[in-house]
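J.: Residues per chain are reported as follows:
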Amino acid sequence: MYTEKVMDHFENPRNVGEISDADGVGQVGNPTCGDIMKIYIKVDQNTISDVRFKTFGCGAAIATSSMVTELVKGKTLEEALQISNNSVAEALDGLPPKKMHCSNLAADALHAAIKDYREKNGK
Amino acid sequence: MRRVYMDHSATTPVRAEVAEEMYKYIIDNFGNPTSLHSFGRQVRNAVEEARENVAASIGAKTNEIVFTSGGTESDNMAIHGVAHANKNKGNHIITSAVEHHAVINTVKALGKEGFTITIIPVDKHGVVDPDDVANAITEKTILVTIMHANNEVGTIQPIQEISKITREHGVIFHTDAVQSFGKIPVNVDDLGVDLLTISGHKIYAPKGIGALYIRKGTRWKQSLFHGGSQERLRRAGTENVAGIVALGKACRLATDDLESEARHISQLRDRLIEEVTSNISYVNITGHPTRRIPGHASFCFQYIEGESMLLSLDMKGIAASSGSACTSGSLEPSHVLLSMGIPHEVAHGSIRLTLGRDNTEEDIDYFMEVMQPIVERLRAMSPLDQETEFQMNSECEACKVSSSCRA
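Residue numbers (the working numbering), protein chains in the order written: chain A, 1 to 123; chain B, 1 to 407.
None of the hints are false.
Going by beta-carbon spacing under 10 Å, a handful of chain A positions derived as facing chain B:
#1 Phe10
#2 Glu11
#3 Glu18
#4 Asn30
#5 Thr32
#6 Gly34
#7 Asp35
#8 Cys58
#9 Ile62
Derived from the structure by calculation, the hints contain no laboratory data.
Positions of the beta carbon are idealized from the N, C-alpha and C atoms, including for glycine.
Extracted from the complex, chain B is given alone in its bound form (with noise of 0.2 Å):
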């Protein structure tokens, strides 16, 4: 059976030259970077290089990078690190409604510590409006936490207009970059961030390794590793050195493909949501119709439920992922549909495909020939009455993907 991969938001695979580098540090080159002996001092020279390379890669100085686990350690040292470094200063801290759980969750932890929060509210495609955030900053704020673009809707974030606005008030900025990395330009200084984020397995680099960008000069502390004085004693812990050479490798790959890899994926996006939507009829794309990520797809299809479509997909061979309640692991369906204004109802439906430097044209034709027959299956079997069921009042497009359309 053909197998297609839809799913480059979930993960990517290691690319070859990703992984012959990485091997070399794992069965060859030892050492523990941190030892005086040539066994060390060989493999600590990768990893100083593979810091270089992530540094090139979003304009930062080497010692402004730290290697972590991935991007959930990233984010929690990241906002766990600027609360606690700025206690004394104040006790507020700010973010989006639709941020992944590795900073919504953290920054919620922080809330049980005294910490106050505000979530900022998007729009009905997923945008927040840099003047909410402007207006949400008092004297106690000491860090805003927004992402740079969203891993469900694809959603790119004005990042430069909210932190011009930090600046103006001082308030320390971190950005999760997870998902703008390697698809879009992602320089600190045209960002104005302090923090960001970075994940190796969505680049082509594996699992378990990541990075965060520190501004020089950013008030933060280590609060949640203790241990030795690797990364300068900013990350306690033997560095996972095939990891990093990893991220060093797939962090040069990314920055010199960047602009041929955007356009081929953005190319065959477009053709697959110009298909979808003019082929299958109830279906509304989710997430802002040009600000969004290179290789981003994502829609509701209406009166079918997204599990079922996954399931359908994969036995087709085709991998994709859904915001539907079934997949979220608890009974709501995805916090991010939901805090655009989708209704439940429709949310249930989400199907989100993110394409990859690996996908074809000939993916698109399969996924349409395959996913035609499989939303007429699931609709035949539904019992919800496509006339009426979901009836909007309003001709407007963005009224009927969202309650919150003022259109």
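This is chain A alone, in the form it adopts within the complex (with noise of 0.2 Å):
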């Protein structure tokens, strides 16, 4: 049911981890609804230096959450601010359709962590 991609990322995931000098963290998703995607970001000059991830999910919320740290990295905020949820599936070849709306939120999670950062520095 998963892409060949889904399953590489799913089974070795890009940058798991936290960043304990994070300049910006974001967080979706609950317990309850079974996904929670944590982003920690590092911030050079306005651009993505650093970035890391913690989720607890399906395949998909993994797959997904590494999938968005590497299309991240390197990019500048407004460019890290035009990705978005269907160009990470995309990324992945695809996602199963039912898992498209509950387990496709790692960008949301980006975005997170970029609103926190942009608060923390009063932009």
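Put the two chains together into one complex; each comes in its own frame, and the hints tell you how they fit.
T.: Structure below.
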């Protein structure tokens, strides 16, 4: 049911972990619905220099989290905000329809991390 | 890669002896059992012999057995048939909160046709209290349908106690014995039921064949299938001869091997539960600690999601199943786990391992070898704080798994 890319990112997720001195942290989902994604970013001159994630959820939740960290590294904050849940799913060659709305939240977590960074820095 | 099948409650492989028997009725003896000629007569004998085997395996008479396409059809046929045949008597149906969808959705469908439904809750182990059934019965009650053993957690229901109550009140009692049949003794007189569902593919026969037991004298009518006079007017449609022959054979084998298999499989299951609960932290067993069918082990692994576990196990060649939302096809975790009072966040980490006759000690070793690193990996990835997230106030083991625990 999952594409090879999804399975690859599930099996070998990129950038798993936390950043202890993160500039921004974003979290979406809750344990009741079965998916929680937490994204940590490091920002250097308006560019995302490092990004990590931690996710509780199904295969799609883990793969989308991993993919969003790959897509966003080295991007400016403005470019990062252009990344949507749909573009993450596309980068994974698609997700099963029922996963599109429940486990495809990684871009939301990223946007929350950017918002957190901007609020902390008064921007 | 090693492949280990631990999903026998989903389906079982067809036994070689069963397949051989079937083969004869696909290739050589292809006749229609209704036909008068020798081709037909030969097959008719095989169908009736299979019926004898099925009847004998549950202590029924041959004319009380109707062949169907499987558990879902038997459940539908039983429930619709009793409901419509007894409409003039009453319109109230009682069932439990942990039934298979084949029962619960059938009962709900009747609820939209003017029948009233009572759904009996279960305790934290998934057991129905017979007193609740007694209290739910009214003068309008025409049917009680409660499963013998649960498919997700393996809990065995007190069918005998419930049937005493239904008999006293003259209410018809149906049980879905799909998960218990072939694993523990199933005898229609001991259980005291009026209708009973069995399915072939859970007992090493193929998919697409099952049977419904209808006790002689039960007010029931065929209300779903219209057609020819097969199965003494109780189930129209040309008989699935190869399937029927296979079911007959599988029933006989299951009866012969019942004790030895139950012993072998429960030993493996007990070891599996022991190893999982003593070597992996934050794991709860779901279902009743002792009143469960052999081979059935079900757990909730906290801080991880079921589908992730299944995918990881599958990559290592192990087949299991889960009641998490991601695997149920809806956004909700399993209704069985929720009705046992297990919180959503814990239910998402559910996993079911169901052992069968071919599983070995080495399979359990392999599972433990593979499962521990999977749990560690997924927990390391989880943002949930394992010290505080699901903190419970009580030291009671049952409270940790079920919010409805009143201990």
